[in-house]
Every structure is written in structure tokens, then in C-alpha cells.
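S.K.: Assemble the whole structure, with the sequences as input and the hints as a guide.
Using the working numbering, the first residue of the sequence shown is number 1, and each one after it goes up by one.
Just so you know, the hints here were simulated from the structure itself, not pulled from any lab data.
Here a beta-carbon is modelled for each residue, glycine too, at the ideal position from N, C-alpha and C.
For each label pair, taking beta carbons as the anchor points, the in silico distance ranges come out as:
no., residue 1, residue 2, range
1, Asp271, Ser100, 45 to 55 angstroms
2, Ala53, Glu195, 29 to 39 angstroms
3, Asp50, Arg73, 20 to 30 angstroms
4, Ala95, Ala229, 43 to 53 angstroms
5, Arg233, Gly22, 32 to 42 angstroms
6, Leu154, Ala225, 18 to 28 angstroms
7, Glu195, Arg233, 12 to 22 angstroms
8, Ala95, Ala69, 18 to 28 angstroms
9, Arg255, Ala229, 36 to 46 angstroms
10, Arg88, Arg233, 39 to 49 angstroms
11, Arg255, Ala69, 23 to 33 angstroms
12, Leu154, Thr103, 35 to 45 angstroms
13, Asp271, Arg73, 38 to 48 angstroms
14, Ala183, Asp271, 39 to 49 angstroms
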Amino acid sequence: MGIPRTVGIAELPRVMGVRDAGRRGPLVLVVAGQHGNEPRGVEAAAALLDALASDDVRGRIVVLSGNRAALRRGVRHQGSDLNRLWTRAELDALATRPASDDTPDRAELRELHAVIARELDGQPSREVVLIDLHSTSAGGSGFTVIADSIPSRLLARALPLPVVLGLEERLEGPLLTWMADQAFTAMVVEGGQHEDPLSARTCLAALWLALAHVRSIDPQHAELAPSRAHLERVSHGLPSVMDLSYVHPVDPGDRYVMEPGWRNFMRVRRDQSLALQNAEVVQAPLDGYMLMPLYQGLGTEGYFLCRPVSRAWLTLSRWARRSRLERALRLAPGVRALNVPEGSVRRAGASRAPSSGCCTSSGIASACSKAPIASSGTASRSVGTDGAPRGRARRGHAQRVLSTPRSARSARTRRSISSRMGRTASTPWPAGSGSAQSW
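M.R.: Below, the structure is given as C-alpha cells:
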């Protein structure tokens, strides 16, 4: 399970490769490099193509490169995050805007969307699976992110990596959500740190196991055993499923410096100092596990905290979905039903409706398995000029506010981090290494 060659980024084609022997099976779309500072996913996708012949495949596997211009420059994006542009408004605009007027990142969106749409139109009766490869600025174990439908959950659980629920609800416009809203199975694989060669191995191992799960390759394929062993090794000792519990917002113009040394899934204790924001100390509002600490200027979330989800809750949520108990969701606080005959639900205040026919993590699984997600507020400790504590700034309310518009979150955040003094600007923690956080 090696990475046999270095990818030539300069000549990287949009369609990196296709494997199709004409046999029945799913359409699997592998997308790598939506962020230009994440080349390890591209390396893993190229290694898969090197090792996989069409005769080995059931169905069709199409491997696509993401933001090629940003990959050539080694930057996350060139003004607009490609993995935030998969919204109805942005995609509708492609039909009315001349290609010559596209910004660099929207030109990439136009090309990538056209290829995906062509593949979807050409395979109307096939099961469709998206595997989107990424990496993070911090080290630590890889993990997966899903739009929480039963097929996507089963796919993620086939990989011995932690599954993070609820993260996709926090982000506006990722490819994962666009595919899931069309009732396709979709999963993001976060391989590890951007520059770490092991990140490519983790992405490649995840690809092999995912392809076996959806029956695109033989379940006895020789690559499966070493791939599973690798993923078990990098994720050893971590909970299998976690739920997003807190998102720390960073507004444009904020001076945000994460304390160095944080890695994905390190334990965090309530009131632990984590960062400086506008010269004020940022403290953890709750116990949990660190996820994607921000170590560069590009990013609107300073860090995420997640908590383990018990197997009992997962079993209950799966039973509830299959029993179609979503009709009772209107009785739950904070939830209102949309398109009830089709089983679509969403949390009150959400900006999008989930895919018809599935209950996402906004629905009954969340009611069973999710703790409230607080993103409105920072746990900062206010100190006087003599260093004596003056009390604590108002903590984030225990509300589910993932879909709250950023303008509203920003105003609420400014109010909630109104402690008067933290560390002074002259004594900041040194900036951490690495690039932007992941997807």
C-alpha cells in the first residue's frame, strides 16, 4: 500500500483517470485537491489509479482533481474557497455568467461541476458515491465527515477512522452537502497533516476500504488488509464516532493566534487556554476533543470541539430512522418538519432542507445522539492589570446555531468575548506552523 510516484501538479488534468470495465456497479467519484495546499489527497488518488486496472472494477470510478490553479501555487484558494461554492446560487450563476467573467476559483468550479454533472447524467440508474479527499493544518489522526444519512454512515463506519457528525451543517457550500442533497452517498476523508507523507497513505487506505464497501472492487482484494491495519494504527485509542459540540468563530480582521502544539483529537479540558483573539485569552467552554485548530490567517473557525457518541445512541438513531419516526420530530424542541410525506426534516433556523427521503443529523439521529452545539460565545477569562481574575466572559448559550448567518454570529461573538483584558498583545503565543485548516 505505497505511494508509488510523485504527482506532476503542473500538468495535472481535470480527469485524472477512469476505471470502467462495463460491469454493473456504482459510480464512484473521487475528488482530490479542492484546496490547493492539500496535495496529499491528489497523491493518494494518483496511487489508486496506478494500482487499479479497469478489469478489477465493478461499475465506474472517476478520479477528478479539484482546484488545479491553487494546487500549482500551493495555496488554499485564490480568493474564494472552492469547497464553499457548491451552493444553488453559485451553480445557477454559471449558466448566466460568461466564463470569461469567472474569478479563478469560480473557473475551477465551472470545470469541475461540468465534469461531475456529465457523469451523473450519463449514469442515471447507478448508485452514486462521492469520496472527497482532504488534509488538515494540524497533525493527528485522520477522520471522516459525512452528511448523516444511513448509507453515508455505513460507508464511514467501514473505515476504522473516527467519524465526525455535524461538521457539514456548520459549513455553507461544501461539495459533500451538494451531493448529499441529491440523495447520493457522500463522505469526506481527512488524511492528516498537509505536509505529512502519512496523510497520503491514510487517504489511499481509506479509498481501498471504501471501494470494497460499495462493492466496486473484490472484497478479498490484496490491498484491503494492509489498508485496514494502517487506519487502525493511526486511529488507535480514539472514539469511533464523535459529534461536533462547539465551533469557535473567527471574524475577518480578528487577530487570532492558536496556541502551538495542538493536534486533532487531543483532549481539551474546560477553561483550558487555547488561543489569543484580539489579545484576549480564549479558553475552552467545555471538555472535549480538539479538531482542526487554525494555524494560519485563512479561516473563519479557530477550532472545533467534539465529543464521543455512544454505540447505544447510534443504534437507537438508526432504528428510529428505519422506523420512519421522523413524523414525530415536530414534537421535539428546536425541530420543525418540511416535506413530511418525503421524510425531510431540518432544525428550526436551518438555511437548507436536507435530501428528500433521509433524515440527516438535523433530525432524529441528532435528537438521539447529539449534545447541544454552542458556537455563540467564547470562554475568555477577564483579568485586571494586576493579573487578578475579574470573572468570566459570558459563555456560549447551549443552542444549535450551526446554520445561523455569519453576520448574526459575528455580532453575537463580539458581545460574548467582551472581556476587558487578556494577555497583552506584546506577549502572544508564537504562531503555529502549517497552512489553512481543512475543508
